[in-house]
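Hints are included, so try docking the two chains, each in its own frame, into the full complex.
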Amino acid sequence: MSDIIEARPITASQREAEPKLVRMPSFGVADKPTIAISIGAAIACLGLWWLVSRLGLVSHLFLPRPDEVWTQIGVVYRDGYAGASLSEHIFASLFRIVVAAAIAIVVGIPVGLLMGLNRWAKGILDTPIEFYWPLPPLSYLPLMIIWLGIGETSKITLLVLAMFAPICLSAQAGVRSLPLERVNAARSLGASRLQLFISIVLPSALPEILTGVRIAFGIGWGTLVAAELIASTRGIGFMIMSASQFLATDVVFVGIGIIAICAFAFTAGIRILEAVLVPWKGKL
Amino acid sequence: MLQVDHASVFFAARDGRTVHALDRVSFNIPERGIVVALGASGCGKSTLLNAIAGFLPLSEGTITLDGRSVSRPGADRGVVFQKDSLLPWKSVVDNVALGLQFAGLGRRERRDRAFELLRLVGLTDFANAFPYELSGGMRQRVGIARALAPDPDILLMDEPFGALDSLTREQMQELLVSVWARTDKRIFFITHSIEEALFLGTELLVMSPRPGRVVARFELDFVHRFAASGDTKSILASPEFTNLREEIRAILHNADDFRSAA
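Taken in order, these protein sequences are the chains called H and C.
The opening position of the first sequence corresponds to residue 1 in this note's numbering, with each subsequent residue numbered one higher.
The opening position of the second sequence corresponds to residue 1 in this note's numbering, with each subsequent residue numbered one higher.
Same shape as in the complex, but just chain C (with noise of 0.2 Å):
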């Protein structure tokens, strides 16, 4: 389980004021889970996740996985970049190889592994390209091969997906959830996306800006419904669906309004 309690993050303006960035923010990623933070910009979710990842120091509040204590970054947590972070001079299969090259892994063990990681993700044809030959998409897939090589106990995700054309993240989400279903591994995932965040979490948090917070939380279920039927199209257009996402425009819809009027 990786708890997060009491998260707060305050931040030193350049102009000496002081940014609260996240405020008092607590939840769990349960086995199996994948709980997405959904925000506008600025609601400190990409400040959540650099602090679960261990990139940055939390003000106040405590974050554990499986009972040990986060403080720095590890491989026991695989982190997804907005924009991929790929090595530009390693092609792709040594790209999603470097983690366990740095875990000292011989260079045949190594690529064996990422080979099965490639398939994985579909990218077995392009497993000697390099990642300025690869689209965006491809190269997200790259990014998630890459993260999940350590066996992390955790993915996860800033945004992954935010910057790719609508199709390819369609399929992207869907492709997503194939490797959840099949690797069992929890995902904390951030986006900005309504339609996202409904369709790839078992938990949403609703955050909204200044103070980041969390101000609404749903269990949801549509994920469970599509790694079981793979029918998207109809889990898009069912009523429970599209009212919840009414529903939560107008939470985030309410947040942004309350914040011009304060």
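Bound-form chain H, shown alone (with noise of 0.2 Å):
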């Protein structure tokens, strides 16, 4: 037996000074700050584009000044580019990525989580799926025009076909995380096999979808140049490779930026999506 010295409880003593605060050290970045860090960067980049430019260290056939890239901006948004307007151009570009993103997931979806749920779907279409999606769509455009002509439908198919995959894998994962207690909880509650489906698998394989949709987008922009190749006369992606024809690479850079901007603005959005529909990621 040990004695007991003292078994008054301790009370903190009265202290003056602030106290020093102390944390443990993290490994890796884990969540410091890198916003500024980004930030100064993106200044600087810019800046030694400006430097290059103006200095003459390239040729300016090559390397516009960014003041004539903005300058361009101003210039194709008046008097549009190639017999269309920017906003055209824009316009014809979202809604093949809009409607092709609509198709994929609207079959991509049921299609992944059948797969994740059914032996004989899983059987029957992973040899078609793993074949193709690693095949990169400028490998099978000739195929698309061959076959579907060189109007919107062959555009949009690529879209599709290149963003189908990555949503029905994600949702097929989504299945496949699925715990067998949450299943079995729910059975135990009374569940029907639709309540489970709907109450249970589908929220289950919500945030491995939207991850799913995340990359599709990043693919479709990809993808959509490739798209745009088919004997078009709208879209960026027209725009850039007719830009590129005639040396214009003011030009070429407006679209890049146009691509860039709305690249950041599709996956800023899919994030506040899952940050309203899945708050709960990587939380429990």
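Read the hints as simulated data drawn from the structure, not as lab findings.
The structure displayed is predicted, hence computed values, not measured ones.
Check each hint, because a few of them may be wrong.
As the list claims (entries may be wrong) - Ranges between beta-carbon positions, derived for each pair:
| id | chain 1 | residue 1 | chain 2 | residue 2 | range |
| --- | --- | --- | --- | --- | --- |
| 1 | C | G162 | H | L135 | 44 to 54 Å |
| 2 | H | E181 | C | D15 | 17 to 27 Å |
| 3 | H | K281 | C | A12 | 33 to 43 Å |
Stated by the list, open to error - Derived list of chain C stretches under chain H, where covered just means 3 residues or more per stretch with a C-beta under 8 Å from a C-beta of chain H:
| id | region |
| --- | --- |
| 4 | 1-8 |
| 5 | 79-87 |
| 6 | 92-104 |
| 7 | 217-229 |
Claimed, not checked - To list a few chain C residues with every Cβ distance to chain H over 12 Å, as calculated:
| id | residue |
| --- | --- |
| 8 | A12 |
| 9 | R14 |
| 10 | H20 |
| 11 | N50 |
| 12 | E60 |
| 13 | E109 |
| 14 | R146 |
| 15 | A149 |
| 16 | L164 |
| 17 | S178 |
| 18 | S193 |
| 19 | R213 |
| 20 | K233 |
| 21 | A237 |
| 22 | E246 |
For each residue, glycine too, the CB sits at the ideal point set by N, CA and C.
As structure tokens, then:
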């Protein structure tokens, strides 16, 4: 037996100075703030660009100055480019990507969920999907043109194919990550098969599905320029390709900037959607 | 009455061998009974619970609840899991109301009923919180309230307090007894803690592994004493309690030695 030396509760003594706050040092980046560094890096990039073009280190034909690109935005906005206004170009691209995303989501989510739930669906659909999805869209672009012609159908089909795979695969992964205990809990609470699917399987897979949609949009923007190579007269991708043939480098820069802004806006939108729909993600 | 009659379970192990997980276990849970299965991991106690819950079919034997044969999960048997399995996208009150939602009750009605159950487990202040905002003990209280919501005939509890710290664990045991005393539910409870088994059970099944079987049975009344007096301390310190604890400890150790010798 040990002796009790002092059984009084120890109370904190009064202190005059503010205490020094300490914390356990984290490993890696963890949640240290990086925004200021990122903004600084962006400004440095612009500065470097301006400096390189100003000093004439690179031929003006290859690298316009930042202020020229800025001016060119105004020119393209006012006069349009290659027979269509800037908003027509942007609308044409947005239309294609949004329609393709809608089709890929409407088809990809149910197919992916089915593949996660049913042995036959998984067995039958696995081979074609695993075969086609690592292919670069540019490699089957000629087939699209031969089969579907040069209209909107072939462009949108190309985008749908590129966007379908990540959504379908993530829906499957969502079903796979569903803990058996959650299913058993619902069954012992009297859930029917339909209730199990709607109340448990679907919401459990939602975080993974949204991640898949976010990735799909990334791939979609990447494929868009390729899709708009097919005899287009509208679209940001077309605008870039057309400008490049005339060595209008500043217009190329404008096009790249617009795609970057659109892609960023879509990613941010889906992140907001994730924050609203799955605030619990990663917390349980 | 829940009747488990000569229940045996054989699994196919990955290497092709057959694992005898449960060997001819028989027992009954009468009205107002709390049967506790005690044993080391691998003694088949979770297998037994899964079979009663209807998650796992038996290889041999039968399980009947008030005359009906048990073959699949159903709302007549509420299950509280070791790891809480609350839905992270639903608030506490909606998690509790889940079974009522499945039963087709209106939103208002099921929320009222869920609120009553939250009062029973002392969590009304957290009705609108989300599971990730709760501590482990609170989550298990939600789990108990959720399992009670469809008004099951029996509560099946799979080491529900195993992951809690010892102070919280004692509070939860007392809470469970008060819930039991007020709802008159039958309970099948699994644990590897001898104290917990003695404190909670009206009947204790001591189980040993490979194959999982019942090696000793005890009729207990500590839980009745606690329900009447509310005095945990004197029960845990009573010679009866400590003697029985040591006796069971010896049985468990013997079962273990037997296994290592074999």
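Hints versus structure:
| no. | hint | in the structure |
| --- | --- | --- |
| 1 | C:G162 x H:L135: 44 to 54 Å | holds (50 Å) |
| 2 | H:E181 x C:D15: 17 to 27 Å | holds (26 Å) |
| 3 | H:K281 x C:A12: 33 to 43 Å | holds (36 Å) |
| 4 | 1-8 | violated (count 0) |
| 5 | 79-87 | holds (count 6) |
| 6 | 92-104 | holds (count 5) |
| 7 | 217-229 | violated (count 0) |
| 8 | A12 | holds (18 Å) |
| 9 | R14 | holds (17 Å) |
| 10 | H20 | holds (23 Å) |
| 11 | N50 | violated (8 Å) |
| 12 | E60 | holds (23 Å) |
| 13 | E109 | holds (16 Å) |
| 14 | R146 | violated (7 Å) |
| 15 | A149 | violated (8 Å) |
| 16 | L164 | holds (17 Å) |
| 17 | S178 | holds (23 Å) |
| 18 | S193 | holds (21 Å) |
| 19 | R213 | holds (25 Å) |
| 20 | K233 | holds (19 Å) |
| 21 | A237 | holds (17 Å) |
| 22 | E246 | holds (21 Å) |
Comparing the model with each numbered hint stated earlier shows that hints 4, 7, 11, 14, 15 do not hold.
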